[in-house]
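> Sequence lines, in order, name chains S and Z.
Using this note's numbering, count along the first sequence one by one with no gaps and you end on 253.
Using this note's numbering, count along the second sequence one by one with no gaps and you end on 253.
Note that these hints are calculated values from the structure, not bench results.
Treat each hint with caution, since some may be false.
If chains are identical, the list can't say which one is meant, so a pair holds when it fits in one copy or spans any two.
[To be verified] Below, a list of computed lysine to any residue pairs in the SDA-like style, where the Cα atoms sit at most 25 Å apart:
| # | residue 1 | residue 2 |
| --- | --- | --- |
| 1 | Lys158 | Arg57 |
| 2 | Lys158 | Thr173 |
| 3 | Lys33 | Gln130 |
| 4 | Lys158 | Glu228 |
| 5 | Lys120 | Val93 |
| 6 | Lys120 | Arg87 |
| 7 | Lys33 | Ala43 |
| 8 | Lys158 | Gln55 |
| 9 | Lys120 | Leu177 |
| 10 | Lys158 | Thr39 |
| 11 | Lys120 | Arg136 |
| 12 | Lys158 | Arg252 |
| 13 | Lys120 | Leu91 |
| 14 | Lys158 | Val235 |
| 15 | Lys33 | Arg125 |
| 16 | Lys120 | Pro29 |
| 17 | Lys120 | Pro138 |
| 18 | Lys158 | His42 |
| 19 | Lys33 | Val12 |
| 20 | Lys33 | Arg190 |
| 21 | Lys120 | Ala240 |
There are 2 protein chains.
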Amino acid sequence: MSEKGSSGGIQVIDRATALLDAIARYQDPVSLKVLSAETGLHASTAHRILASLIQNRFVERDAVGHYRLGIRLLQLGVRLHSNIDLRAVALPVMERLRDQFGESVNLTVREGDVVVYIEKATPNRMMHVQQLVGSRAPLHVTAVGKLMLGAAGDNEIKGYAQRTNLPAYTRNTITTLARLIDECHESVARGYALDNEEAEIDVGCIGVLLYDSTGSVAAGLSVSAPIERRRMTWVDEMLAAGREISERLGYRG
Amino acid sequence: MSEKGSSGGIQVIDRATALLDAIARYQDPVSLKVLSAETGLHASTAHRILASLIQNRFVERDAVGHYRLGIRLLQLGVRLHSNIDLRAVALPVMERLRDQFGESVNLTVREGDVVVYIEKATPNRMMHVQQLVGSRAPLHVTAVGKLMLGAAGDNEIKGYAQRTNLPAYTRNTITTLARLIDECHESVARGYALDNEEAEIDVGCIGVLLYDSTGSVAAGLSVSAPIERRRMTWVDEMLAAGREISERLGYRG
DNA sequence: CCCAGATTTGCGCATTGTGAAACGATCCCG
DNA sequence: CGGGATCGTTTCACAATGCGCAAATCTGGG
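Take these sequences, add in the hints, and give me the full structure.
Spelled out as structure tokens, the structure:
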């Protein structure tokens, strides 16, 4: 334990985290058996930890006894300093870009093998690309996802490819590890990435990364448009916006 | 431990929760000494648990080593089933009310001694009452806060009054326990509450509660307007909207 | 009603979480 | 500048708490 202690690990907290992550991977409430299998924990251990998480309101149970995330995560999440900072800082810039381009601007964070859309600025026109806040998309078919993979390094890209098998969403989706590594490298090198109808036909995207005060990737910023309306002239503005937001987040690049 | 186990408590998870709550009470990052004092934990124990929460990304440290909430709470919070349900269910109703009244409609959850605004629908007019998502207000000066206190019972109201001392925000704020208890009772009895310039002069509000499938208070719904624009004819619509959303949340009143 | 599978509970044990003490770092004051 | 105070971090020994096994209970389907 002294060895474990020096590396900061407390086993039961790691295990509770694994259980929360396992629940979060499902849209619907999930059974003890599934959670036990997903985390590799003995059923009675999982049951005990989940009971404690319920008591502390991190987890709830539905009518048939299945587990879902609980209200304390919402309460704490809303209180998250970086949540308020990140969205409050990014939103005015996003709105400015939206008005300038006349297209949808999105803010995303990485969660495991997907990006999650956490804020949006949509244009006042009937036809635009729509991503709901809270929705998810695989990393390899999104501009910012490819940047996040590139920033994380080749082993991370390889691990992602192994876990997901790089499924095709359109005829343009990158489905081989070699091509994905090239694309990620290239994207990181030039500072922005494109989604060329890789997630959905007719949808194009330009994405950049946002960095926080520790120099880590904090989020992604992207503009999505019907492919024939996308302008490569937006790249400079996106890069500048990414720098602006990152600086406000305390990044000293 | 067997006795503890049957009641679902795991000490270190309870302690980690207490630390997260303590951090969440501060707007700014907070020191180990303060957290140790707030939770009653020995400094080295608190240090250890915090290190594990950092490793699992529930907590981050800033440049001077102070602790703040971490990004995993955001990622999990966005994935929260009841968060997606609550906001997705409530938003269309809120937008309808906004268009009908021409005023701001807000969705709030209780967090300790405050309400937190988690969703909003703002009217398309320059002058309206504005509450940012993520902002907070004391319970005793908001309509839904008074309902939440009333729903929680007299001991809860008393405890709240003792903790906060009922500070005045305007000349209209309720600052005595007896008056607060009366107001909360009356509000619960009739099903809605008013904020009559108690939080801010010139601002009026009508609030109702939303209930979930377990019959518990899930959130509050309110319409805020400049006081001279507020209409008591909105009460029926607010009550109906509260019932509608609660039913969609699975409430069987 | 019976059976199989899932969940829950009891129990004993060893490993893991804990607090005290020691050490390190930083800041402030004389 | 040096010493003391304060805060944070690490080491260490120990006991209690988290854990897994096994049994009991529950639930749903045939």
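> The structure should be examined with respect to each hint, and the outcome stated for every one.
Against the structure, the hints:
1. Lys158 / Arg57: between (36 Å within a copy, 23 Å between copies)
2. Lys158 / Thr173: within (17 Å within a copy, 60 Å between copies)
3. Lys33 / Gln130: So Lys33 and Gln130 fail the 25 Å test inside a copy (36 Å) and across (46 Å) alike.
4. Lys158 / Glu228: neither (32 Å within a copy, 62 Å between copies)
5. Lys120 / Val93: Both ways: Lys120 and Val93 sit 11 Å apart in one copy and 20 Å across, limit 25 Å.
6. Lys120 / Arg87: both (9 Å within a copy, 15 Å between copies)
7. Lys33 / Ala43: within (7 Å within a copy, 38 Å between copies)
8. Lys158 / Gln55: This pair counts as between: shortest inter-copy Cα distance 23 Å, intra-copy 39 Å.
9. Lys120 / Leu177: neither (31 Å within a copy, 43 Å between copies)
10. Lys158 / Thr39: The answer is within: 22 Å in one copy meets 25 Å, while 43 Å across copies does not.
11. Lys120 / Arg136: both (13 Å within a copy, 22 Å between copies)
12. Lys158 / Arg252: Result: close neither inside a copy nor across copies, 30 Å intra and 49 Å inter.
13. Lys120 / Leu91: both (8 Å within a copy, 15 Å between copies)
14. Lys158 / Val235: neither (28 Å within a copy, 58 Å between copies)
15. Lys33 / Arg125: neither (47 Å within a copy, 53 Å between copies)
16. Lys120 / Pro29: Neither way: Lys120 and Pro29 sit 27 Å apart in one copy and 27 Å across, limit 25 Å.
17. Lys120 / Pro138: Cα proximity of Lys120 and Pro138: one copy only (18 Å, versus 29 Å across).
18. Lys158 / His42: Answer is neither; intra-copy 30 Å and inter-copy 43 Å both fail.
19. Lys33 / Val12: both (19 Å within a copy, 24 Å between copies)
20. Lys33 / Arg190: The answer is neither: 46 Å in one copy and 45 Å across copies each exceed 25 Å.
21. Lys120 / Ala240: within (18 Å within a copy, 30 Å between copies)
Hint check: violations occur at hints 3, 4, 9, 12, 14, 15, 16, 18, 20; the rest are consistent with the structure.
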